[in-house]
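In the order they appear, the protein sequences are chains A and B. Residues in the first sequence are numbered from 1 upward in steps of one, following my numbering. Residues in the second sequence are numbered from 1 upward in steps of one, following my numbering.
Derived by calculation from the structure, the hints in this document are not laboratory data. Where hints are given, some of them may not hold.
Said to hold, decoys possible - In silico EDC-like links for lysine to aspartate or glutamate, alpha-carbon gap of 20 Å or less: (1) B:LYS2 <-> A:GLU337; (2) A:LYS578 <-> A:ASP526; (3) A:LYS383 <-> B:ASP75; (4) A:LYS268 <-> A:GLU341; (5) A:LYS522 <-> A:GLU233; (6) B:LYS2 <-> A:GLU341; (7) B:LYS110 <-> B:ASP75; (8) A:LYS58 <-> A:GLU149; (9) A:LYS268 <-> A:GLU337; (10) B:LYS6 <-> A:ASP447; (11) A:LYS383 <-> B:ASP46; (12) B:LYS42 <-> B:ASP114; (13) A:LYS522 <-> A:GLU467; (14) A:LYS58 <-> B:ASP114; (15) A:LYS383 <-> B:GLU108; (16) A:LYS522 <-> B:ASP121; (17) A:LYS522 <-> A:GLU566; (18) A:LYS383 <-> B:ASP80; (19) A:LYS383 <-> B:ASP51; (20) A:LYS118 <-> A:GLU233; (21) B:LYS6 <-> A:GLU343; (22) B:LYS2 <-> A:GLU343; (23) A:LYS416 <-> A:ASP447; (24) A:LYS383 <-> B:ASP114; (25) A:LYS568 <-> A:ASP604; (26) B:LYS2 <-> A:ASP447; (27) A:LYS210 <-> A:ASP119; (28) A:LYS383 <-> B:GLU24; (29) A:LYS522 <-> A:ASP570; (30) B:LYS110 <-> B:ASP121; (31) A:LYS393 <-> B:GLU24; (32) B:LYS27 <-> A:GLU337; (33) B:LYS42 <-> A:GLU377; (34) A:LYS416 <-> A:ASP480.
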Amino acid sequence: MTLLGHFALWAAFLIGVWSAGLAFFARWQDRPELSLAIRRGSYAVCAALLVASAALWKGLFSHDFNIEYVAAYTSRNLPEYYLVTAFWAGQKGSLLFWAVVLGIFGALAQALTSNRFKDLLPYVAGVTNITAAFFIAVMLFGEGANPFERLSFTPADGRGLNPQLQNPGMIAHPPTLYLGYISLAVPFAFAIAALMARRLDAGWIIAMRKWALASWIFLSIGITIGMWWAYLELGWGGVWAWDPVENASLLPWLTLTAFLHSVMIQEKRGMLKRWNMGLIIGTFLLTIFGTFITRSGVIASVHSFTQSSVGYFFLGFLLVTAILSFTLLYTRWPDLEPEAELESLASREAAFLFNNLALVGIAFSVMWGTLFPIISEAVRGTKITVGPPFFNKVNIPLGLFLLLLTGIGPLIAWRKASAANLQRQFIVPTVTGLVTTVALLLAGLRDGWALAALGISGFVVGTIGQEFWRGVRARHVMHDESIPVALVRLMGRNRRRYGGYIVHVGIVLYFVAFTGLAFRTKAEVDLVPGQSTTIASPFGWTYELTHLGISQYSALNRQVSAATLEVKRDGVRIGTIKSEKRQHVDSFGNRLFEPSTEVGLRSDLREDLYVVYGGSPDGTERSHFVLQVNPLVAWFWIGGAVLVLGGMLTMWPGGPQVKTKRRAPVQAGYEATLTGMPS
Amino acid sequence: MKPGVKFALGAAVIVGAITLLMIEGVKQTGTYFLTPTQLVEKSAADPTLHDVGLKVAASVVKGSISRDPSVQRVDFTISDGTNSFPVTYTGMVPDTFTDENDIEVVIEGKFGNDGVFVATDVIAKCGSRYEAVWDEQVAAS
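Next up, chain A with everything else stripped away, as it sits in the complex (with noise of 0.2 Å):
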């Protein structure tokens, strides 16, 4: 199986290429025959890629030890389905699953973009084919990247999956992240494709649409299973470290957020067009650039791939990708001339304005506080790092403008807003913010920035309903429809903007999650069985914690100390509490990798009980515990499902608009001049 793996990898390695020489010869020579055998050549690369990938999955499923990616990643006693993530465990096999859901895309690109577009395709065809055909260029010619490589002896069994990957968050985590990552390789290329055909109306961006938003949501899911797995796995309570390789998955989403938008003003108001081209090839550029940080081990991190020479394949592709892509926008810059002008600093596209300045302006903080230790290294010749109380003290302040202008943004109206409009929408809002802020304040809460937070969220809130109830009311009085239907149609024929507006509670919820984690309780105890302690809620009530002893037992694949404790809260007897190490062994008994924790949780929608278990000195039960109560933790996961819900709404196929546009009465006579005509 090995050798049809080589063989389909080369097989799409020439195939790219081809198709790609082909779609700039096309172009060179005006050739617009040769355009459908472009297109079929992603077809090809994506028909081998999946030869490629059935013939790595078979060696996984079949133990075949003898290659050597089977042999690192699983052994005989790893349940089935970690026989299907370890595909992707490993820097090898994560190049392939890269190139070959690349290659998916690239197919169901062209299948799936209507005709209106054909002039685009071949290029898209060409740089997706290009970019499938740097990542098997990896695998061909990077030391030790082919998934297929074959040892000169076959182990009795494996080395087994990394603890820390088998975890149900790690099934679902890299994929959606690398689906995020990957699919915005397909906006790219529509923009690339625009630049080449110089088609440089708005039809681009119709084109790519919901593939940005596909992405967008992928990474959103990505990002939150990531902090899940990070809050349950890597035990120290928190769900974000701003570490580099977390760092780099946001980057791509804040820019993608920006560019999600500014397409709008420029579909509405032909402005932006080159800002929007500027960002949709910066943001893949940062898709890139987030994965030669993840492989090339040059800044020190707890998620990265071992180091290794592939990352510098990725800064070579980075920097001719970003080289060609702007000299290419350069000279097309004459042709990207701004159909109009800003009109108000009060109105719609200057809050959306402001809005992408601040999303790149926190990724670009972001950036430099990732990059400073190889920046001050160059400059200064010392390394210095900066840790979160630096990412936290750019970025809240921030994130509060750009949550703040998530309300004002929905309030005004494109091109001026008059005084009396704004007077209009701004009173709900303004008071349902002010509203919380006192609760809070008659509640106790003296913080500054969670006051801040919390009032802006109630702001923003405010905004959401008001625009929900003007809408569903609107409908109740002209249609006569009951509140429910007018609600569930507004939003039907509406997608977007009420789609948009669901993501945006979604944004609210996380913030307030955030504000929640600046209040956790921490302690460490050593407890011997029999023995109590206590830590304090902030929500004002106490547990106390009983270790009722620690239990050894031989699990699947793995040798389990679990640690007990019973959980009261305010002297009521509430459940017990469990937290584990875990000693993962292979199918002989032999040790492998470090003994992991398994965090203990109690979670409900006012805040988690975590519970770490520390182990205990020399056979003794004396064990070590660390304690945290995490108020709102809850929120982050809920908000995540808002916010894909919301997405997948904005992007749902179909819609009444479309069709009462294809059934517009004809007038009889006409219809047949009509039918066969490009529409």
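Assemble chain B onto chain A, guided by the hints.
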């Protein structure tokens, strides 16, 4: 004033604020990230370095680890081959933080005037003996 100009002014204010926040952020939270040799040399030249938080990356000297489980304290010596100094840390370290393993650490804390580094955080990368065995097998094949 044209709206475009007004926006440019507003943008300048925001960009200025971001720049200022970043400069302040680096000033207040930036931490030196040094090797033991750099730390010994720099702190000899500039005694104020003893008063600020630092990060040091080095390896733990084998046989130097002593633990006091009753107070969760661990003392050890780190070295980069040229210079070494003792470290004391109170808190949890991984189970594999023993003399049997090759341990690379990044420690964060202050380098006291007495030459003892008081760590507030220890991030240990234990050169896994399991991976080492594996690498030997692959290399021998």
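So, going through the hints one by one against the coordinates:
Our distance criterion of 20 Å between C-alpha atoms is met by B:LYS2 and A:GLU337, whose separation comes to about 19 Å. With a CA separation close to 16 Å, the supplied pair A:LYS578 and A:ASP526 stays within the 20 Å bound. Straight-line distance between C-alpha atoms of A:LYS383 and B:ASP75 comes to about 26 Å, which puts the hinted pair past the 20 Å bound. Straight-line distance between C-alpha atoms of A:LYS268 and A:GLU341 comes to about 12 Å, which keeps the hinted pair within the 20 Å bound.
The hinted pair formed by A:LYS522 and A:GLU233 meets the criterion: a straight-line CA distance of about 18 Å does not exceed 20 Å. Only pairs whose Cα atoms come within 20 Å are accepted, and B:LYS2 paired with A:GLU341 is accepted, the gap being roughly 10 Å. The hinted pair formed by B:LYS110 and B:ASP75 meets the criterion: a straight-line CA distance of about 15 Å does not exceed 20 Å. This hinted pair checks out: A:LYS58 and A:GLU149 have alpha carbons roughly 14 Å apart, not beyond 20 Å.
Distance check on the hinted pair: A:LYS268 and A:GLU337 sit about 15 Å apart at the alpha-carbon level, within 20 Å; holds. Taking the CA atoms of B:LYS6 and A:ASP447, the gap is about 34 Å. The hint is violated against a cut of 20 Å. This hinted pair checks out: A:LYS383 and B:ASP46 have alpha carbons roughly 17 Å apart, not beyond 20 Å. Annotation: proposed proximity of B:LYS42 to B:ASP114 holds, straight-line Cα distance about 15 Å (limit 20 Å).
Using a Cα cut-off of 20 Å, the hinted pair A:LYS522 and A:GLU467 is violated, with the two alpha carbons roughly 41 Å apart. Our distance criterion of 20 Å between C-alpha atoms is broken by A:LYS58 and B:ASP114, whose separation comes to about 61 Å. Restraint check for A:LYS383 and B:GLU108: satisfied, since their Cα atoms lie roughly 14 Å apart, inside the 20 Å limit. For the proposed pair A:LYS522 and B:ASP121, the alpha carbon gap of about 16 Å is at most 20 Å, so the pair holds.
Our distance criterion of 20 Å between C-alpha atoms is met by A:LYS522 and A:GLU566, whose separation comes to about 18 Å. The hinted pair formed by A:LYS383 and B:ASP80 meets the criterion: a straight-line CA distance of about 16 Å does not exceed 20 Å. Annotation: proposed proximity of A:LYS383 to B:ASP51 holds, straight-line Cα distance about 18 Å (limit 20 Å). About 47 Å separates the Cα atoms of A:LYS118 and A:GLU233, which puts this hinted pair outside 20 Å; it is violated.
For the suggested pair B:LYS6 and A:GLU343, the alpha carbons sit about 11 Å apart, so the restraint of at most 20 Å is met. Restraint check for B:LYS2 and A:GLU343: satisfied, since their Cα atoms lie roughly 8 Å apart, inside the 20 Å limit. With a C-alpha separation of about 37 Å, the suggested pair A:LYS416 and A:ASP447 falls outside the 20 Å cut-off, and the hint is violated. Only pairs whose Cα atoms come within 20 Å are accepted, and A:LYS383 paired with B:ASP114 is rejected, the gap being roughly 24 Å.
Between the alpha carbons of A:LYS568 and A:ASP604 the distance comes to roughly 15 Å, so the proposed pair stays at or under 20 Å and holds. Taking the CA atoms of B:LYS2 and A:ASP447, the gap is near 40 Å; set against the 20 Å cutoff, the hint is violated. With a CA separation close to 19 Å, the supplied pair A:LYS210 and A:ASP119 stays within the 20 Å bound. Between A:LYS383 and B:GLU24 the alpha-carbon distance is near 18 Å, which keeps this suggested pair within the 20 Å criterion.
Distance restraint check for A:LYS522 and A:ASP570: the Cα-Cα separation of roughly 18 Å lies within the 20 Å cut-off, and the hinted pair is therefore satisfied. A hinted pair counts as satisfied when its Cα atoms are at most 20 Å apart, and B:LYS110 with B:ASP121 qualifies at roughly 10 Å. Using a Cα cut-off of 20 Å, the hinted pair A:LYS393 and B:GLU24 holds, with the two alpha carbons roughly 9 Å apart. For the proposed pair B:LYS27 and A:GLU337, the alpha carbon gap of about 42 Å is over 20 Å, so the pair is violated.
A threshold of 20 Å between alpha carbons decides the hint, and for B:LYS42 with A:GLU377 the separation of about 15 Å falls inside it, so the pair holds. The hinted pair formed by A:LYS416 and A:ASP480 fails the criterion: a straight-line CA distance of about 32 Å is larger than 20 Å.
Figure legend: structure checked against the earlier numbered hints; hints not met, in rising order: 3, 10, 13, 14, 20, 23, 24, 26, 32 and 34.
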